[in-house]
Amino acid sequence: MSTESTHSSEGGGQETHDDVVVPAGEHDPTGMAATGGYHLTASAVVPPSAQARGTSDMFGAAFGSDTSGFGGLVEKRAAPLSTPKPYGGWFDEATDALEAAWPGFADNVLRVVVDRGELTLHVKPAAVREIAKVLRDEPNLRFELLSSVSGVDYPAEETRLHAVYHYTSMTYRRRLRVEAAVTVDDPVLPSVCPVYPTADFQEREAWDMFGIVFEGHPALTRILMPDDWVGHPQRKDYPLGGIPVEYKGASIPPPDERRSYA
Amino acid sequence: MTSYSPLQESTQRETTEGTVYTVTGGDWDQVVAGAGDDQRMVVNMGPQHPSTHGVLRLVLELEGETVTSARTVIGYLHTGIEKNMEYRNWTQGVTFVTRMDYLSPIFNETAYCLAVEKLLGIEVPERATTIRVLCMEINRIASHLVWLATGGMELGALTAMTNGFRERELCLDVLETITGLRMNHAFVRPGGVAQDLPPGAVEKVRELLATLEKRIPIVDQLLTGQPIWQKRLQDVAYLDVQGCLSLGVTGPILRSAGLAWDLRKTQPYCGYENYDFDVPTSDLADGWGRFLVRTQEMKESMKIIEQALDRLQPGPVMVEDKKIGWPAQLALGSDGMGQSLDHVKKIMGTSMEALIHHFKLVTEGFRVPAGQVYSAIESPRGELGVHAVSDGGTRPFRVHVRDPSFVNLQATSPMCEGSLIADSIAAVASIDPVMGGVDR
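Sequences listed follow chains Z and A, in order. Using our numbering, you'd call the opening residue of the first sequence number 1 and step up by one each time. Using our numbering, you'd call the opening residue of the second sequence number 263 and step up by one each time.
One chain only, chain Z, in its complex shape:
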């Protein structure tokens, strides 16, 4: 498989979150969960017995015998909040090189997460351009290619809009994710366009779909939606829309109004 998964098998031994339920607030005395964890929706209720048991099967029926989905057995698992050192594989080498080359590392990197063989750096929004420049220019890092810029909306968080950058180092054949979170009221980040011109279209898409403002972008306009569109469609509070469809006398509601199980 890929080089990444090889590294993860070397160094990812401490990652056992897949089958461990981490309820909001638990294992998190620092309160970081409130600012950057993956506590996604208000309905993220973990059944008490499932907490006690610490496991559940794929259908979420670890307690009780109700497997119908009507009992409201909604179980959301939290992703790891922060990974302790050593991260394993090349992750230590790369983060050390970044720390050495970038004086702002300690102040700006909030969390380092190693999950499923992938390295994620959660940084302060103001630092995304700075870190981009270091990642590109530092000889020990050499992330020549900014593969992707996109947004994710985590409505349960205060800083709910996340800008996610995927970097690729062609020299070392590594991938790295940088994530920065902003609030809806102040959704402003510096644009990385001056460092990576490829971010042009991708930042426009993130603005169009999530309303994230990239300061310093040459022309931050809508790209996929019409210019006069109101709202940012991929935010979680933006409805999918659609109309009921009649078929042989029965009415099928639009997808976002259909019964959902989780």
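Just so you know, the hints here were simulated from the structure itself, not pulled from any lab data. All of these numbers come straight from a predicted model, not from anything done at the bench. Backbone N, C-alpha and C fix where the C-beta goes; we use that ideal spot for every residue, glycine too. Check each hint, because a few of them may be wrong.
Here are the computed lysine-lysine pairs in the DSSO-like style, where the Cα-Cα straight-line distance is at most 27 Å [claimed, not checked]:
(1) K622(A) to K236(Z)
(2) K565(A) to K466(A)
(3) K466(A) to K248(Z)
Only some residues are given here: those of chain Z computed to face chain A with a beta carbon under 7 Å [claimed, not checked]:
(4) R116
(5) S150
(6) T159
(7) R173
(8) T198
(9) D200
(10) Q234
(11) L240
(12) S251
(13) P255
Beta-carbon label-pair distances, calculated as ranges [what the hints assert, rightly or not]:
(14) A101(Z) to E385(A): 32 to 40 Å
(15) A126(Z) to T330(A): 33 to 41 Å
(16) T328(A) to K85(Z): 55 to 63 Å
(17) E215(Z) to T625(A): 39 to 47 Å
(18) R259(Z) to L443(A): 26 to 34 Å
(19) A101(Z) to L682(A): 40 to 48 Å
(20) A593(A) to R258(Z): 27 to 35 Å
(21) E99(Z) to G600(A): 55 to 63 Å
(22) G600(A) to E215(Z): 42 to 50 Å
(23) T171(Z) to P489(A): 38 to 46 Å
(24) A101(Z) to E465(A): 54 to 62 Å
(25) R259(Z) to T328(A): 58 to 66 Å
(26) K85(Z) to E385(A): 24 to 32 Å
(27) M303(A) to E99(Z): 50 to 58 Å
Given the coordinates of chain Z, assemble chain A onto it according to the supplied hints.
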């Protein structure tokens, strides 16, 4: 001479429906005089134009026939696929991603399924992986043939179009045999593929290879030595490695500039490290280089298909885990392909638990542990990446697709500006954007 006005050139007559004007257009001298010293002209090319590769709109600023500024306007094919996927379960997501870049559906499906499988932490069976590789490479040839066909048509080489589409149809016939559909297959599923190869499929693939073995060299004979084709592509749409990397351009464009960056070699997935093939490159960095690279790539894909056929071993094509593996036991009945009667008999007649399980897995889907992953594969157009986020539920929390066409399209301006307007057609053709993938 007075300034130009279209109405001066029009005649009018009264009809029952009102006044009808017949506008015949003005004299060029009058247009020039009206424009004064400013000789610039802005031409809107597209979104409905036979040479813009789909609903792409180019806004070209011209001085004479020279393009001084080129901008792309996209979004005419935006269908909200990423948003829609958040309202369907993980398996249903496949039917959405397959419709994005409609010329490389198998690649979209595989990239998405690799991401879901990484989130789940599962390994797909060997046979399923080999079938994926087989289908992907057939798909790559089909996609490059469409590039050749449409690119040739846009530059006036109509025989390239007829030949390209004819050969592509052969590839699609084989994909239809395997998946049931020419396009939009929804064949690759999280955990494996929807069904095993049908009887006779291997022979059909071998027949296809034998045919392509003869037909692809025809492209060489038809175009490679063709002076008009050479002149239309050589030194046109130049973009070097530095330009490619800063603009995030990958795939054949990057390889035509001389960098042998192919994810199948550099960050192998689906067992590509076990196949013997070369990564064709060129150092020309122009439209001609891209033509050479793509024609060579078709031949390399044929090598991979050959090896994939040899690697096929009997075995399951879906993960053994019944909580993930789709309960598809497809069989051909009198009314077409459907759930096999044996399976229906079992769940309806003998096992209540199997019925419940089937029902729950299909209606509700499986849960995917929370987290996020990025998986990238080499599509015919470059790096196709899927960023998938799960909140632990049965539906994707967010799926973002880094489509190579979308990113590569940014190279339009540097390729076109300063060139003739006719060369901008060649430039867009050499980028090979697929608007379904660009707009998603």
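**OP:** Find the hints from earlier in the document that the structure breaks and name them by number, from lowest to highest.
**Re:** 3, 6, 12, 22
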